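Fit chain B to the given chain A structure using the hints.
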Amino acid sequence: MRCNFADSLLQAYFDGELSGRRATEFERHLRRCAHCATELVDLDLLRDSLQLAPLYQPAPASLRRKISAPLHATTPTTVASEPRLWHWLGAVAALLFVAIVLGRVGDGLHSDDYQADLAGEIVDSHVRSLQPGHITGIASSNERDIKEWLDGRARFAVPVHDFANNGFPLKGGRLDVIEGHAIAVLVYERNGRPINVFVWPSQEQDSPPRTGSRQSFQWVDWRKGKMEFCAVSDADPVDLKQLQQLMNSSA
Amino acid sequence: MSELGFEDRERFEQLVLPHVDAAFNFARWLLRGRTDAEDVAQEALLRAYRFFRGFHGGDARAWLLQIVRNACYTWLEKNRPMELNMEFDEELHLQTCATPETLAIVGDDRKRLTLALETLPPRFREVLVLRELEGCSYREIAAITSIPIGTVMSSLSRARRQLYSALANPSQGVCP
Numbered sequence: 072m073r074c075n076f077a078d079s080l081l082q083a084y085f086d087g088e089l090s091g092r093r094a095t096e097f098e099r100h101l102r103r104c105a106h107c108a109t110e111l112v113d114l115d116l117l118r119d120s121l122q123l124a125p126l127y128q129p130a131p132a133s134l135r136r137k138i139s140a141p142l143h144a145t146t147p148t149t150v151a152s153e154p155r156l157w158h159w160l161g162a163v164a165a166l167l168f169v170a171i172v173l174g175r176v177g178d179g180l181h182s183d184d185y186q187a188d189l190a191g192e193i194v195d196s197h198v199r200s201l202q203p204g205h206i207t208g209i210a211s212s213n214e215r216d217i218k219e220w221l222d223g224r225a226r227f228a229v230p231v232h233d234f235a236n237n238g239f240p241l242k243g244g245r246l247d248v249i250e251g252h253a254i255a256v257l258v259y260e261r262n263g264r265p266i267n268v269f270v271w272p273s274q275e276q277d278s279p280p281r282t283g284s285r286q287s288f289q290w291v292d293w294r295k296g297k298m299e300f301c302a303v304s305d306a307d308p309v310d311l312k313q314l315q316q317l318m319n320s321s322a
Numbered sequence: 054m055s056e057l058g059f060e061d062r063e064r065f066e067q068l069v070l071p072h073v074d075a076a077f078n079f080a081r082w083l084l085r086g087r088t089d090a091e092d093v094a095q096e097a098l099l100r101a102y103r104f105f106r107g108f109h110g111g112d113a114r115a116w117l118l119q120i121v122r123n124a125c126y127t128w129l130e131k132n133r134p135m136e137l138n139m140e141f142d143e144e145l146h147l148q149t150c151a152t153p154e155t156l157a158i159v160g161d162d163r164k165r166l167t168l169a170l171e172t173l174p175p176r177f178r179e180v181l182v183l184r185e186l187e188g189c190s191y192r193e194i195a196a197i198t199s200i201p202i203g204t205v206m207s208s209l210s211r212a213r214r215q216l217y218s219a220l221a222n223p224s225q226g227v228c229p
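Chains as they are written, first to last, in this note's numbering: chain A, 72 to 322; chain B, 54 to 229.
Don't take each hint at face value.
To be verified - Output of the computed footprint for chain B on chain A, the stretches with three or more beta carbons under 8 Å from beta carbons of chain B:
(1) 83-97
(2) 111-117
(3) 122-136
Stated by the list, open to error - Computed from the model, here is a short list of chain B residues facing chain A with C-beta under 8 Å:
(4) A94
(5) F104
(6) D162
(7) T198
(8) R213
Don't read these hints as lab results, they were simulated from the structure. Source: prediction; values computed, not measured. Built from N, CA and C at the ideal position, the CB exists for glycine as well.
One chain only, chain A, in its complex shape (with noise of 0.2 Å):
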């Protein structure tokens, strides 16, 4: 039987777009309205589906060319700018990912399906992080505004802490997406150097940290509150360690 509460209102509460009290009152309406559920259950299947396949369809790298070659014919080279800046850190950002996760799966966590697929996954990220204007991000000091960005984008909640007063100031929030999964990324800074580390929600119990390295990368992986994170620096392991207490005690 078809319920007559309006098809766009319950779209509106599944995008989020009702204001509190109308999304009270609907989830009251919910809890009697097997209809109404089930058009919520399907609603969020068709978008799993969609993210999933992934339709989401990135500007080639021709396309990137021929708009920066112009932008860049009379730029002078000494200036740094933000940009390229935030291409560089996000460059940095996803060959560390790269070798964390080349490495994960080399101990042989995974099967080799998986594997593949997951190096393929990381790659392609590392390929389009290494495209100008690629990174779309937030360089911002203000918790509150990464995570508000963050949150927005990744479909979970983001904790999102400033340390700027242990020395660790916090420079900003991107967007990664591995295997299909979008991965909420924060950058810090510690002595002019960048820290990177990835958070997603993980169902695992919490765990301790783990630590390794790759190349001349530092990591330092663990999970708390169905979460797991990543740091990932070349900056000193000590200072690694340092954030990942700070953040381990905030989350």
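Quick look at chain B alone, frame taken from chain A:
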């Protein structure tokens, strides 16, 4: 592209270039082809650059996507005018509309979903792409498409229903 001063160029790089993927993806889905999308997205980006002084802050992605959308519709009017008048026969499709549960989500999902999405009229396709692929809020979609929020809501709702039915009846595509 020498109209802007150095500072403006830096701002353009900082604010607009991060959205090149969004521009291309949006054009790709509106025009249903990568080659045309690349040409039109390039043209739109150059236009955005030329008119960048007119951008007074705010949501740079929405501003850029609005320009991309205009460029796409101009291109469609010129090259495929029939498509813009395309209406979807909801009666016919909704009668046989299956719920997603009845659609076995197996096989080549990407191809199936691509074909289904491409059978929707551009005005429905665009709201779905902006919402589901680009993650835009209703307000952002309204700004990009210049339609009121109420219409965004109803278009999105109809677009999702049509996508369900297009998935259920893959043979009944309405695109020329």
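Verification of the supplied hints:
1. 83-97: holds (count 3)
2. 111-117: Holds, because 5 residues of the region 111-117 of chain A bring their Cβ atoms closer than 8 Å to Cβ atoms of chain B.
3. 122-136: holds (count 13)
4. A94: It holds, given that the least Cβ distance between A94 of chain B and chain A is near 6 Å, below 8 Å.
5. F104: Check failed: Cβ of F104 of chain B comes no nearer than 15 Å to chain A, outside 8 Å.
6. D162: Holds - the Cβ of D162 of chain B comes within 8 Å of chain A, reaching about 5 Å at its closest.
7. T198: 16 Å, violated
8. R213: Since the shortest Cβ distance to chain A is 6 Å, the answer is holds.
The earlier numbered hints that this structure contradicts are 5, 7.
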